[in-house]
Amino acid sequence: MTDTHVARLAAAAKRYGTLTALDGVDLAVRRGELLAVLGPNGAGKSTSIGLLLGLIRPDAGRAELFGLDPQRIEARRRIGVMLQSANLPPTLRVGELLRLTMSYYPNPRGYDETAALAGIADLLLRPYGKLSGGQQRRVQFALALCGRPELLFLDEPTVGMDIDARQKPWAAMRALVAEGCAVVLTTHYLEEAEALAQRVVVLGQGRVLSEGSVDDLRKRVALTRIRCVSDLDADAVAAWPNVASAAREHGHLRIATAQAEAVVRRLLGADPALAELEVQRAGLAEAFAELTRDTAAEQEAA
Amino acid sequence: MHAVTLPAAPSAAMSAMPPRRVLGAYLAEARSECLRYLRAPGFMLPILLFPGLFYLVFGVLMGKSEGADAARYLLASYGVFGVMSPGLFGFGVSLAIERDGGLLTLKRALPMPPGAYLLGKMLMAMAAAAVVVLMLLAMAMGIARVALTPVQAAALLATGVLGVLPFCALGMLVGTLFKGQGAPGMLQLVYLPMSFLSGLWFPLSMLPKLLQQFAPLWPSYHLDRVALVAVGIVREPVLPHVLVLAGFGAAFFALALRRLRRVG
Chain A
4 MTDTHVARLA AAAKRYGTLT ALDGVDLAVR RGELLAVLGP NGAGKSTSIG
54 LLLGLIRPDA GRAELFGLDP QRIEARRRIG VMLQSANLPP TLRVGELLRL
104 TMSYYPNPRG YDETAALAGI ADLLLRPYGK LSGGQQRRVQ FALALCGRPE
154 LLFLDEPTVG MDIDARQKPW AAMRALVAEG CAVVLTTHYL EEAEALAQRV
204 VVLGQGRVLS EGSVDDLRKR VALTRIRCVS DLDADAVAAW PNVASAAREH
254 GHLRIATAQA EAVVRRLLGA DPALAELEVQ RAGLAEAFAE LTRDTAAEQE
304 AA
Chain B
-5 MHAVTLPAAP SAAMSAMPPR RVLGAYLAEA RSECLRYLRA PGFMLPILLF
45 PGLFYLVFGV LMGKSEGADA ARYLLASYGV FGVMSPGLFG FGVSLAIERD
95 GGLLTLKRAL PMPPGAYLLG KMLMAMAAAA VVVLMLLAMA MGIARVALTP
145 VQAAALLATG VLGVLPFCAL GMLVGTLFKG QGAPGMLQLV YLPMSFLSGL
195 WFPLSMLPKL LQQFAPLWPS YHLDRVALVA VGIVREPVLP HVLVLAGFGA
245 AFFALALRRL RRVG
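The listed protein sequences derive, respectively, from chains A and B. Using this note's numbering, the first residue of the first sequence is number 4, and each one after it goes up by one. Using this note's numbering, the first residue of the second sequence is number -5, and each one after it goes up by one.
These aren't lab readings, by the way, just hints derived from the structure by calculation. Here the structure is a predicted model, which is why all the values come from computation and not from measurement. It cannot be assumed that every hint is accurate.
[Claimed, not checked] Derived DSSO-like pairs: lysine-lysine, alpha-carbon spacing no greater than 30 Å straight-line:
(1) LYS133(A) - LYS171(A)
(2) LYS203(B) - LYS133(A)
(3) LYS171(A) - LYS173(B)
(4) LYS101(B) - LYS133(A)
(5) LYS101(B) - LYS173(B)
[Unchecked claim] Only some residues are given here: those of chain A computed to face chain B with a beta carbon under 10 Å:
(6) THR23
(7) PRO93
(8) GLY163
Idealized CB from N, CA, C, for every residue including glycine.
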């Protein structure tokens, strides 16, 4: 392991009974970067986080935090954590929860500074149980960053927040990254990854489907889907310029392209009898499906 | 589990934690644990109310005809009955709920010093046990006119405060076996029959012979014997009972810890 990596999974595998949650995942978090981990439900995002935090043990492969076993407290003193669900004691006040969590760390951020950064300065005297769901998420976020961590794990921190409510945690994440803190962010929202991440890893069915910059992913996602009834040969269409893929499915011709206008123009010219034309921009879910299908096809071909 | 042998991280010095701060973390955890339950009357009231009410009715009011010895006997028995509940419920219910709600998972991920979580709950249970015993002592000495020497009162208090520990371990074990709201019912199934079969509600001599013979199987029986010695009803060596209680506590704790490590 080089000094530029703060956390790493190496060929990590995890099974729950017959279900393979992770199937040989390699994942490295570099110092000071914001790494977004994307993927549909059941892709292995939370399992990956759980391995890096030492909450679960890999069946094969390794998990490391700062080059150490993640269960070592020396390693965990350098991280901050926000999990998807954590019912904190409802009768404790926000300020008491914050001071308690600060006590775990050798050199925590100041009390007021943390509250301001997470946007909870007005909540400090309120009992946790009396807060709204969004306010509770902000408190959990404050607890994650109060220890002045070098690496912050945020497991779907903005789930259920609207676009406006996300701006505050986004700004805080940017501020932390500017301080040199690395962040591992799992999310369902592509726009969240686009707004924040330097690097994006897409997981699907327990494997790494794609890894690269946000631009790389955007290129894969920026495809438009065309669906129509036509007698044109799918293989021939697949060879057209700007066509990423073409296939016949259930009597429909399905085409993926980054240049929908040009391809539609050529389609209409090539087949005057073409019918039921649909043009749809690919969502993230489709991009995931596409990535998953690609790997499945590669495996079959191999 | 995979053995990971790695050199210490280069910047380990940055994450070194001075002993003062480690101690501070233990104290902060214990303080939070006590605060949260003091603010939850729905949790504390039944723990205090039931032994208090039972003792008032059966020990103080109805016991008047039986003489001071009945009030003295029941002070020990209801004291043990009252001490069991903060151990069983304080530990078991909160652990079951916190395993279910993800708090325990978060605490395991955070750099909380090892054992601080359990230690905090233990101190809370010991404090609650002390309150129960002091309340019963006040009723016994103040209302029922039970004559206790300061040594006897202190011995009963110590019996309660330390005697809660094996029941903490038993509560912890049940808390690791049942998640969330299933635990309280299960704990009642342990608490009430065990109290009855150990002679905490009625003297053992009033139970059928067979049940009397089985009584030494229950940890509460042994704590009751210690408490009876403390208030001067019984004269017998307490060491065997203390050793049995320590054995029960260690066994429950080991089983619970094993399950907690495996299942979480």
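Consistency of the hints with the structure:
As the CA atoms of LYS133(A) and LYS171(A) are separated by approximately 21 Å, the hinted pair is consistent with the 30 Å bound. A C-alpha spacing of about 54 Å is found between LYS203(B) and LYS133(A), which places the hinted pair above 30 Å, so the restraint is violated. Straight-line distance between C-alpha atoms of LYS171(A) and LYS173(B) comes to about 35 Å, which puts the hinted pair past the 30 Å bound. For the proposed pair LYS101(B) and LYS133(A), the alpha carbon gap of about 21 Å is at most 30 Å, so the pair holds.
With a CA separation close to 17 Å, the supplied pair LYS101(B) and LYS173(B) stays within the 30 Å bound. Nearest Cβ of chain B to the Cβ of THR23(A): about 18 Å, over the 10 Å cut. The hint is violated. Restraint check, PRO93(A) versus chain B: the minimum CB separation of about 8 Å is within 10 Å; hint holds. With a cut of 10 Å, the hint placing GLY163(A) at the interface with chain B is violated, because the nearest CB-to-CB distance is about 16 Å.
Comparing the model with each earlier hint shows violations of hints 2, 3, 6, 8; every other hint is respected.
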